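Q: Note that the protein sequences, when read in sequence, are chains A and B.
Using UniProt numbering, read the first sequence as starting at 1 and increasing by one per residue.
Using UniProt numbering, read the second sequence as starting at 1 and increasing by one per residue.
Mixed in with the good hints, there may be bad ones.
Only some residues are given here: those of chain A computed to face chain B with a beta carbon under 10 Å [unchecked claim]:
{"#": "1", "residue": "Thr23"}
{"#": "2", "residue": "Phe24"}
{"#": "3", "residue": "Gln98"}
{"#": "4", "residue": "Lys141"}
Treat the hints as calculated values from the structure; they're not laboratory data.
Here the structure is a predicted model, which is why all the values come from computation and not from measurement.
The C-beta atom is built at its ideal place from N, Cα and C for all residues, glycine as well.
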Amino acid sequence: MSSSSTTTTTTRLLMLKASDGVTFEVEEAVATKLGAINNMVEEEGSEDLICLPNVNGKFLGMVLEWCKKHANNNTNSDKGNDEVNKWWDKEFVMDLDQNTLYHLLMAADYLSGTELVDLLTEKVASMIRGKKVEEIRETFKIKSDFLPGQEEEIRKKNSWAFE
Amino acid sequence: MDPCTKCNLDRQWLRKLSHKAWLRMKSGKVGSLTAKIVRFLRYEYESTILENKTRKKNKVDQIGKDIDDDNDNSYRYNYIYNRRVCFLRKLLKEELGEDEGEDGWSTSASSDHKLMAIAVHAVLLESGFVGFDPVSGNRVDQFHRLAFWPASFNYTYTLPQILDQRERERERGGGGGVVAAVKLEFESVRVAVIVSGSLADSETSPQRQVRLYKYKLVPILRSPCTKQQRHVVLDHEFWNKVKDELVLPLLIDLRAKAGLPSPPSCLMALPTELHWKILEFLPGVDVVKLGCTCKELMCLFQLSRDNREFWRSKIPVCTCDLGVWRIRIDWRMVYISYNRVKSILNTHYEMKEMNEKMERRKKMMAAIAMRRFIMGPKSLLRSPNPTPQLLRRPYKKYKKSVSSSSSSLGKYNYDYEYGYCYEMLYFMDLRLPFL
């Protein structure tokens, strides 16, 4: 509030505390990429320490890493930068194993970082796309709980998808 | 090509499709609509082919760029990767640093197996397991303290939450009982380490097995190598493999046995809104397939049938103008017919492509036959029982011409071949038996 008078824009630092006690110190511009934190900042205003009891430190770190990258590139919006961003996103998503992916997805959903959720769900979708039913079951370790005959019935009803 | 301002999808085809055609959908006359969709799809298909061609070109450029960029590391994402390598290195140092004095581990062959076992140990630790000694019932933090050296050995893991639970029970005065744990069995074969895991003290639980090859993993653990190599092997061959195939199933089994809530390590544990979000990104066919996997997802699919907007979004063209009438359009039906037409068209184009290929091949064979007819009288004068040498010679010649023409199909000039042959014929004043 007092900094508005000075010409140099001082970036405010926020402290984010994860469930396992790990704290992250990030600029406000970075953290407000996440909708939930943005709301908290607007409501409380003065408080600098934000507790996030539902997010593990490990995943919060990854989410913030993503935010940092995207906040930086928003300020100087070039076309080339956009492409770099896309490549970066691809790399970010590429190495994730399933466990991390779901945890990250939960964290992003909790913090309501819409773009990140989109990115991650797209990744899950790409794992499903073009697979047979049995393959989907295998990759996601889903157990079939249909009664015998029930599955055939469903398949018959939606035979257009199995041609 | 001007995309719609509302949905940013192509509306080119709308000009070709009259609004009435959509309405006829209801009254049962699907024929004309189908014809129109076909026309649209052909347009779409051809444009995608063009796009793919240009994309391929770009890809080649991109790969070159990638290799260049690998050195300066400008936008390569390294967070997960670095974390893993650091974790692994630290662990290896801890485990091996103390061990080195006792026996020269770095030279013996079995140390390779130990190295790999420690790497697996690192994966387990990272996903929340702790070492556990089933005899004393205590937590074990370091790996090498356990009996290790025979060719196959067991190692037991459990979760810190389970140990906490037991502590609480003990304070209350209970006996503590048996701690739920996971047993990993390392078995060293000559070229590989086979790691198989199951729940301890239960015979019925399914066994998960991973086979890790020495030649792939050991050089990378041992010595620094190129980043690309380490990245690929560590992440795709090893880390993700072990985690997805071994550690996660075990974690789910163990948590289920101990009565803990299952972690969001499977798709089903995600909240429903995220399931919806995933469905949004899937093409319609895969939505159905996902629905067929289990009851919960089937429910989701059935809900989506009532959600007309959902199916509308699956059609990859602009449909903004169509929602304004009062008549309801069953978007799911539209999507189904769209899908069917698309699959028919795809096979049509595939057939067409194949026919073109065959035609080209025929032409080529004709050219070769002609050449043989004119240039190689030997091949025609073949005796019924030729000596092997005589047989081989024209065969070789023939083969050479085939391989050279098929390998450089682009450069090969059929017209030249024909022209050459015709010239020869003209000189010899011959008439072709065919053509």
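Q: Mind checking the CB of threonine 23/A against every CB in chain B and telling me if the closest is under 10 Å?
A: Since chain B brings no Cβ nearer than about 18 Å to threonine 23/A, farther than 10 Å, the hint is violated.
Q: Does the CB of lysine 141/A sit less than 10 Å away from some CB of chain B?
A: holds (5 Å)
Q: Using the nearest Cβ pair, does glutamine 98/A come within less than 10 Å of chain B?
A: Interface hint status for glutamine 98/A: holds (6 Å vs cutoff 10 Å).
Q: Would you settle whether the hint for phenylalanine 24/A is holds or violated, based on the nearest Cβ-Cβ distance to chain B being less than 10 Å?
A: violated (13 Å)
In this structure, the earlier hints numbered 1 and 2 are contradicted, and the remaining ones agree with it.
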